[in-house]
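*Asks:* Chains as they are written, first to last, in the working numbering: chain A, 14 to 108; chain B, 821 to 1055; chain C, 5 to 253.
Mixed in with the good hints, there may be bad ones.
[To be verified] Pairs of lysine-lysine, DSBU-like flavour, derived with a Cα cap of 35 Å:
no.	chain 1	residue 1	chain 2	residue 2
1	C	21	A	31
2	A	31	B	972
3	A	105	A	23
4	A	23	C	67
By construction, these hints were calculated from the structure, which means they are not laboratory data.
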Amino acid sequence: MSLDKETVRKIATLARIKVDEDALEPLAGELNNILGWVEQLSEVDTEGVPPMTSVVATEAYQRPDRVTDGDKVEEILANAPEEAQGFFVVPKVIE
Amino acid sequence: MVRLTDLTLAQARDGIVGGEFSAQELTEAYLTAMGAVRSLNCFIRETPDVAMAMATAADDRRARGEGGAMNGIPIAIKDLFCTKGVPATAGSHILDGFTPPYESTVTHNLWEAGAVMLGKTNLDEFAMGSSNMTSYFGPVTNPWQRTGDDAKLVPGGSSGGSAAIVAAHGAVAATGTDTGGSIRQPGSFCGIVGMKPTYGRCSRWGTIAFASSLDQAGPLTRTVRDAAIMLGAMA
Amino acid sequence: MDIAVADYEESLGGDLKGMKIGIPKEYRIEGMPVEIETLWDEGASWLMAAGAEIVEISLPHTKYALPAYYIVAPAEASSNLARYDGVRYGLRVEGDTPQALYENTRGEGFGAEVKRRVLIGTYVLSAGYYDAYYLQAQKVRTRIAQDFHDAWQTVDAILTPTTPSAAFAQGEKMDDPIAMYLNDVLTVPASMAGLPAISVPSGLSGEGLPLGLHVIGRPFDEATVFKVGQTLEDAAEFSTRPRIMAGGS
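Please build the complete structure, drawing on both the sequences and the hints.
*Replies:* Here it is in structure tokens:
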């Protein structure tokens, strides 16, 4: 499996990362080197082997269904790059 | 005369408990030491005022006959742990201006044990790296150099600032995080002890996430005994 | 974790009589400097002198741990780092649409290595590639954990070097991500299996730089890891100090 420039463009869009046009080709090369190297994993016989879901045997325990947090509008907005009237501000979505 | 900054964590702890010196004296010695090795770029942010306030509180606790396992011990915190009211960067430009309104469980536990925060240490961006060269805040320099050679070496990564400052005696100990080797490899490169506990031994709450099924916090110290004491306080 | 924290300091001291230490043959990787192999052998002899029995063991999937890590870790990172969008906190680089705002912010806010890993992670989790990359890596991870689990039937701890080299110069390996990743070839397997491990400074390279030895233990058996680590520390008597040190070395 080898990535071309168009695939890198598509992944970058999925990842929401702006990549300049002239950076796509070199990036494809770098990513292909890494993917080519991890390709060796296909040598491992994993027939009937379950995928790892947790490295420590543990049961998820439940807490009581009670509100323990909230009502912190000011704290939450304190780090916002732009806020207005208790909301985060984003560019216009609907014309 | 033994320099305060040459004492191990265990020795410093016993010295404070025994009244040989105060947490404030020890902290002042470390704030001076940090300044002396500032060229290594170990810290993204130094917190001297926080440190002195915490040291004063530690001395007050001791005067009352109280104090936890690390009462008055000045340590550095990898800038991946959120500490309330002190900006956190994860070594990245993307967290510009972010000041956590909460405290990570690991640092909360350390402060409960009486430890004193000297500052937030440099790291590879989002802990992704083995050289500390990917930090937005510039590389950290290893205090070690090759014999007869002045070339600047990497401290390893991603906990490079934490490892280098402990090796340079600019902090008694430091927290690190290890996803694929980020405590142990810089520990090895800087000639100190680095310990990654079992996945899940230390809480990940309030630690900026890289790979959640692997991330684990642990201590960087000058001796194995110090690592044992500090892990007990972190877990 | 609902498991009591032991008094680790209490567990220190005493000899290693009755303890078995494994030396995994797969960690003798190609190109490992002789001085690191020598230090490793020396470490084993220190532990033997403290009463431990040294046993050669096999962890057959060792060589696959690093490539599996470079699928699992970027996959998780791409998901974890999705939160940095320029809206709720941190850097914001404006754009005409929310999509442009996200792309501009992340394009400028992340450095080269972070972008590389987020893109790899996004790719290996994307439709059509998930099974071949991510699922296969998680199955290999099960194999790696099983290797260690098997080893614990015969040994109490495992001794290896921490790194395949001493510290290198700033700027070295920057243009070759895989060469950089190989730094972690000896530490990643324990990470993939979630095991406790310690690096203890144990000697100097020919160039006068510190080298560490690495002890891996059973899950939640930090106490043994500390005890074996301290035995190495005592035997190594590592006392050299770095050239740059507060107050002078």
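*Asks:* Each of the hints needs a verdict: does it hold here or not?
*Replies:* Status of the hints after comparison with the structure:
1. This hinted pair does not check out: residue 21 of chain C and residue 31 of chain A have alpha carbons roughly 59 Å apart, beyond 35 Å.
2. Our distance criterion of 35 Å between C-alpha atoms is met by residue 31 of chain A and residue 972 of chain B, whose separation comes to about 34 Å.
3. As the CA atoms of residue 105 of chain A and residue 23 of chain A are separated by approximately 24 Å, the hinted pair is consistent with the 35 Å bound.
4. At roughly 32 Å between alpha-carbon atoms, residue 23 of chain A and residue 67 of chain C fall within 35 Å of each other, so this suggested pair holds.
Checked against the numbered hints given earlier, the structure breaks only hint 1 and satisfies all the rest.
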